[in-house]
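Sequence lines, in order, name chains A and V. As numbered in the working numbering, residues 1 to 985 make up the first sequence, in order. As numbered in the working numbering, residues 1001 to 1085 make up the second sequence, in order.
In case anyone wonders, no lab produced these hints; they're calculated from the structure. Just so we're clear, the structure is a prediction, and the values are computed from it rather than from any experiment. C-beta atoms are modelled at their ideal positions from N, C-alpha and C, and glycine is treated no differently. Mixed in with the good hints there might be a few duds.
[As the list claims (entries may be wrong)] Here are the computed distance ranges between Cβ atoms for each label pair:
1) G1056(V) <-> K134(A): 50 to 56 Å
2) P775(A) <-> E1010(V): 51 to 57 Å
3) G952(A) <-> I1029(V): 45 to 51 Å
4) R1040(V) <-> Y683(A): 28 to 34 Å
5) G521(A) <-> G1056(V): 51 to 57 Å
6) A867(A) <-> R1040(V): 27 to 33 Å
7) M1012(V) <-> A16(A): 37 to 43 Å
8) G1056(V) <-> A867(A): 36 to 42 Å
9) K127(A) <-> G1056(V): 54 to 60 Å
10) T1017(V) <-> E625(A): 40 to 46 Å
11) G905(A) <-> S1074(V): 52 to 58 Å
12) M1012(V) <-> E920(A): 50 to 56 Å
13) E1010(V) <-> G521(A): 48 to 54 Å
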Amino acid sequence: MQANRVEGRGLIDRDAPLNFRFNHEKMQGYAGDTVASALLANGQRLMGRSFKYHRPRGPLSAGPEEPSALLTIGRYEHEDPNVRATVRELYDGLRARSQNHRGSLERDFMAVTDLMNRFFGAGFYYKTFMWPAKFWESLYEPIIRAAAGLGALPGDNDPSQYEHGCRHCDLLIIGAGPTGLMAALTAGRAGARVILADEDFLMGGRLNAESHEVGGMAGSAWAAQAVAELAAMPNVRLMPRTTVFGVYDGGVYGALERVGEHQAEIPADLPRQCMWKLVAKRAILCAGAIERSIAFENNDRPGIMLAGAARTYLNRYGVAAGKSVAVFTNNDDGWRTAEDFRDAGLDVAVVADARADAKERDGFRTIAGGVIADSVGRLGVHTATIRHKTGTEDSVRADLIAVSGGWSPAVHLTCHQGCKPVWREDIAAFVPGANPPQGLTVAGAAQGDFSTSACLAGGASAAQAALADLGFEAPAMETPEAEDGATMITPFWKVEGCQRAWLDHQNDVTVKDIAMSYKEGFKSVEHMKRYTTLGMATDQGKTANVPAIALMAELTGKSIQETGTTVFRPPYTPVPIGAFGGRHRGKHFHPTRLTPSHDWAAANGGDFVEAGLWLRTQWFRQGSEKGWRDSVDREVVTTRSKVGVCDVTTLGKIDIQGADAGEFLDRVYQNGFSKLAVGKCRYGLMLREDGIVMDDGTSARFAEDHYVMTTTTAKAGQVMRHLEFCRQCLWPDLDVALISTTEQWAQYAVAGPHARDLLRKVLDAEHDISNDALPYMGCAEVTVCGGVKARIFRLSFSGELAYEIAVPCRYGHDMMEVLMKAGEEFGAEPYGTEALGVMRIEKGHAAGNELDGRTTAGDLGMGRLGAKKNTDFIGKTMAQREGLQAEDRAVMVGLKTVEPTAKIGGGAHFLEKGAEPTLETDLGWIASVAWSPELNNYIGIGFLKHGKDRMGDRLRAWDGVRGTDIEVEICSPHMVDPEGERLRG
Amino acid sequence: MRINCPCCGERMVEEFTYLGDAAMMNRPIEGATYEYTYLRDNPAGRHRELWYHEQGCRSWLVVERDTTTHEIFSVELAEEVRNAS
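Just chain V, with the same shape it has in the complex (with noise of 0.2 Å):
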């Protein structure tokens, strides 16, 4: 699989780390409740999820990916995504 970052271009797969549902970053501003901590979209089809391009440019982002086919359709600056909301 290959990540088109925003910041470095198209890259192997290896230099990013999984995180998981992109709904992480929507913390609660009274503090973590136990379904932010631990209640997560898995599902079978399009998801938005976060990686973190950690052998490269150390940017968060939020690629919207099928998870069975792997196709990727958007990669976002996470930072940015959290602006624009």
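With the rest of the complex left out, here is chain A (with noise of 0.2 Å):
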């Protein structure tokens, strides 16, 4: 039954009714309906209750500043918590349900802490809760959580979509209420690109709300004729269900869209929200302005409302929140809401117009000077006290109180760049301060100027402002004829003598909480926050903040210009998480890379790593292996022995062509390169600006002008940034070029004593790759599989006869099953890079356990490396520096266990037998460990102060977090075959 529906009134759609269900009742609304004004509509004001003291609530407002009316929508996985009742759409099997009370909501068991109120005020947990400290988690949080706070998530993944989208426009236009329209009509008749964005359903803002007419018409027909008539033009861009939220640097504006929740079902080819990043030349602010209350004796009951939001009600929703009004106003607009609802045939039982020189007005009970003090009735207003200039009290009966204190322009845009607001004294408001962020200018309410008259004109003349701006040709524009009333206000913000007065009605604040703020000496408007919660939660305090800075303002003595408003920051309303995330979650987050022969590895029993956004094969388990440690032994017996296979693919490869190109990298690498024979690799070592490691790996020469780097898989964009910065930066004159040429080539290592006899039966017959032919550190451009391009390094991390062959990437999975179908013969399996790391540690290669950042060449016994050459080369300089070079610094060594099957840990520390684990007696850290199947032992390579003078010493290897410490004997790191007679075999 919608029994408070007024006939003839509203932009609803009576032909379309929508089925609803709030807690377990079913109702019935309209198409063009919200929650709020549906709920209203069944009789329905009671919609929750508040967040301290769990008194009864209903809605404050008819938009998106609403504190009170906040609802769950939805059901299981798809519960939204915490909407705003007053601007969801209504939408045909919607489930609301309210929040925050055990029991029923007519009964909630916790109403009892209103009862208890005097011990509840402000800064109450923060007096109470204190001793003994650890009761706080355990006991003090859990109880207050529970009885004091808002919805809950559902706990499960949120299900829905939601999406990321950029927009460019010449003017972008905030808000489409009358001064929005009028603007676009002004920037879209120019021809400029425009994009107005509202983040209502239904375009017109306060003309949907009110009674008066425009250039003749309804305001509401006269706003669906500029929105059809913007809608026909190709260069606007109409965005209604979008809230812009954020103002950022360079005329980026963050906006929410609500693509497809306000429907029962979202299309599966729409997502619920979509985040845009708006780019535009110019912007205009039309955001409108916002009502606030007055602070009177339980002003927080249902059927108390904004007077605006009563008109809202009525004239767009054909509501009547109430079938007899009080109001009760300190200006003229609130007498609009006495006015509509008396030519709507309902009752007004009373006007109180606080103003001292408020004059009686025909047809109305008027109480001039007079205030509504206080108001009765447990789940929902039913009397008015009215108290007169005299001081006598006296009752009305009245079921819906419309209050208005004035109007507060929405700021809120203007201020995300650091701008303040300015205190206007004739309009008793803030409006934006003199500087705006770059490219925005604020027009209509939201600038103080609320006649719809001003607002018409304000929007024409701003967007004429910014055409100008832009080098377009503005229109003439007509302003069609509208009401030009000022609002008349004298500021007016609590009724002498009241306590329990609602300013916050979210955060449960009260008039008493602030005179508390006052009295213990949080009196600037940030402490008074803090201290109160004031201005707190979803709502931000929209409809709070003015009268509580209002209110400090009188008590200390203090301007409100010199109180000033604490700092309103993005977002402006609520934003998901989820709708942040977009697409970029869970595997989405950030791209997976994989190599060309990714799936060949997932076939062959690949268990995959990630080494920064490539996944890599870790090891290939075989038939019955159970632990990680089978498969890897076995990987590398099979390529000490035999022959074996590695996917190398990630290492970064950056081709380098020039005249200079040699020259290039003896200003980068530590040891010289412009020297190095066309055919030939050698292994690079390279510094930051400071002295330390940043990466190495190997160049090898193909002509004299061609270079090819390799680098570390996870430093080479950072190698690849560091080139570009030496060649654009600091050496622009030298003839040389870069590019990543990583997701080119498809690159294997081949390693083991057979690694020669598989690639000869790969490579094609005129390609010589003899010792002679091709000796250690050789490279050659060559051709495989019947004239396949393909170049191959004799290279070898594993210390073995080894070769990297590559191959243009959209061969590699096919190189790969050449590789083993070659190698069946001789044993060939695949490795991963757990078999790689243990090849590598018993050779004593460094990698990124010991190119930590920390490290210097000397540090891992390679301060001679390029010492003969003279060039000056990054990190030259600095690494001279005494502290780098000093005798003490840990270097590399090799280690054992003395129990070879005592498993130590990286990362553990050496001490000397019978010290104490000490900073004093710490003598180094361990990088890298690994069970060798060669030694058969475990092994490691760490860092030791002296390392070179306690070759054979017995050290221990503490480690505090696993609780071990274990002997271990300390070796040159170069473990196995440590004169390189197999690699150069």
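Using the hints, put the two chains back together into the complex; each one sits in its own frame.
The structure is reproduced here in structure tokens:
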């Protein structure tokens, strides 16, 4: 039963009834309703319980500023808590649930807190739950959280889809009320690219909520006509249901579009919401104004709302929020509510006009200079207590109290880059300050021009100014006829003597709490906000801030301007984290890079590990192998005794060309490359400018003016950036060009005694890879499999006879198959990064664990590398600093556990036998460890003070994290084939 | 923030990586010094700084920017700045 519908009013579609449920009750509304208007139409004004005192609450407003009417919408994993009922569009089948009560909404068990309110004032938690400290987490916090709060998240993953997008325009117009529509018409007719964004689903702003005419027709009709004209313009994009929530640098605006959530079923191809970056050369803020309340005793009951909201429900939704209204105002705008209610044939019980000079008006019982001092009604107001100028009080039956304390311009977006609002005495409101964000101007009610006529004219002239800036010829605009009344406000913040009079309905902050905050010394607005929590949570005090600031100013004796506002930051209204995430969630959080032979590895037992964005094979599980060690040990043994193949595509590859390529490399590597012979490779060590090792790798020379550099997988991007910095910022005079070819070449290490035998079968016959033709550290451009171009490098990370073969990446998968097939007769097996790691530790090759951003070339035993070179290079001078050359620096050593099977861990510290583990006795650390199948021993690489003099010494590997203390013997890091005979064979 | 790359036009700041004071381009001929390596200006106000268009043309740029307002006054290719000096 929509008992409160008013015939003949409203912009709803009475031919489109929508069924929905509130708690367990079935109700009906119409298309064009919000959840709040539909509930009020059904006579349901009690919509929830308040945050702290569990007071019965209904809507205070009819818009995005709503502090009280917060509902949980949807079911199961789609549950959406703390939804403002005043803005959520009704759809068929919607389910809404009230929040923050135990037991039913009508009989909330927790309402007992309201009776004990004198104990629960501001600062109550800070003063009460102090001792013992450990009770806070275990006892107090859980109890408080259960008792106070808003809605709860469903706990499941949010199944909704969110999207991101970017749009560009000449002029962004924020808000489609009279100001915004007029601005859009002006700019649209001029041919500028315009985006008109409005948070509402129906454009028009207050024109849809007021009864007065514009241009000789209903305001809503004028708005509809303007929207239709704009919609037909190809250069104008209308974005309804889109909240511009933040202003960012360079004309970038954050906006949230509710794309699908107003529909019962979101179509599969649409997201629930879309996060837009709107890039605008100019923008006009036409966000309108927000009405505020007046503080009087018990001013928070359901049925007490803002006067403008009461008009919105009546004129836009055709809903009488009450049968008998009492109006309480300090300005002329409040009277409009009385007039509209009378015109709709509803009872206006009384109008209390707090202004001292208020006049009686015909047909209304006017209490000039009087106030509403209190309200009565348990779950909703039924009586208002009137206090006359003389101080006498009487009661009036009224089930709706419409309050107008004046309007506050929605200045929020102008403050996002540090601009401070300015108080204007004549309209008793903060208006935007003098330095709004660059490119943004403000017009209409957001600027403090409250009359419709001023809004229409202001919108047109703001657009004309922006168009002139942008070089468009602005059309002359005729402003339609509209009301031009001043609001004639006399500031009036609170009724004399009130205590439990609500300022912030959402956080249950009353006049008494502001007084308490002042008394305890929290006088600055920022301190007051934190002490009382006024202005926090989902509504950010849109209705509460200004009255609270005014009351604090009254207490301190300062002016409102001096008192100032708290800082407004984005977002303007709540934005779900899911929308910020967009599609970047789960596996889409960052892209996954796969090597060309990934599928081959997956089909052959490969177990993958993330290496940056890459997935690399750690090991290949075979047959009945259970633990990873079984696979890794086998791969090491196979490679060292037969032949193994490893995918090394992920290593960074940089192609370096130009007449000065050699000179360039001399300057970025510690060691020299300009004298490297064509057809040869060389290990290179790259330092940072501060003398610490940045990265290492090999560079091969294919021609006088052509090198191919490899980097580690992890540092590929950083090295590229560094080289480009060196080329462009330091030495642009060098003739050299760089390009990353990491993704162009698939590369495979073929290692082991049979590596040459295997590759001979793959390479085309004309290529000689005998030891003489292609010796250790040689490289050549060759062909494989009958003409596929390839590069071969005789490099060895494993210490075996080894090659790396690179083919264009489209052949990567096939290359892997060909290599394995050719290797069958030699017992070839693929190996992963773990086996690679074991073999490099056995050989004492530094890798990521050793190049940890702290070690110098000297620490790695490579201080003399390139010592003969005369050129200056990056890091050369700074590496000579005393501290980096100190005798007692920890240097790289090898180690073996004395008890072969005693499992040591990376990160353990070296200690002398019998020494206490302290900073003073610490001798260094272990960087990498492995089980060596070759040595049948746990081994490792570490950094040890005076390491070169400690060969053969026995020390302890003390691990405070794992709780182990193991005896180790120090040795050279080259633990397998120290002379390197195998790799030269 | 948006940066007007001389090669690519105006692009979102997410495409760029930041390095810092453009004085890093003035590497002493005799090799890096302590001052060059560690001492950087970081003024509140106008500042010439290095940005890298990593997700675009890979140009290093000298951007003159007000660090308090993020207003950008000029964007030049580092290579050209260097060649002109």
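Each hint, compared with the structure:
1. G1056(V) <-> K134(A): 50 to 56 Å: Since G1056(V) and K134(A) have Cβ atoms about 54 Å apart, the given range 50 to 56 Å holds.
2. P775(A) <-> E1010(V): 51 to 57 Å: holds, 54 Å
3. G952(A) <-> I1029(V): 45 to 51 Å: About 47 Å separates the Cβ atoms of G952(A) and I1029(V), which means 45 to 51 Å holds.
4. R1040(V) <-> Y683(A): 28 to 34 Å: About 33 Å separates the Cβ atoms of R1040(V) and Y683(A), which means 28 to 34 Å holds.
5. G521(A) <-> G1056(V): 51 to 57 Å: holds, 54 Å
6. A867(A) <-> R1040(V): 27 to 33 Å: holds, 31 Å
7. M1012(V) <-> A16(A): 37 to 43 Å: holds, 42 Å
8. G1056(V) <-> A867(A): 36 to 42 Å: Check passed, 40 Å falls within 36 to 42 Å.
9. K127(A) <-> G1056(V): 54 to 60 Å: Given a distance of about 57 Å, which is inside 54 to 60 Å, the answer is holds.
10. T1017(V) <-> E625(A): 40 to 46 Å: This hint holds: roughly 43 Å between Cβ atoms.
11. G905(A) <-> S1074(V): 52 to 58 Å: holds, 54 Å
12. M1012(V) <-> E920(A): 50 to 56 Å: holds, 52 Å
13. E1010(V) <-> G521(A): 48 to 54 Å: Since E1010(V) and G521(A) have Cβ atoms about 50 Å apart, the given range 48 to 54 Å holds.
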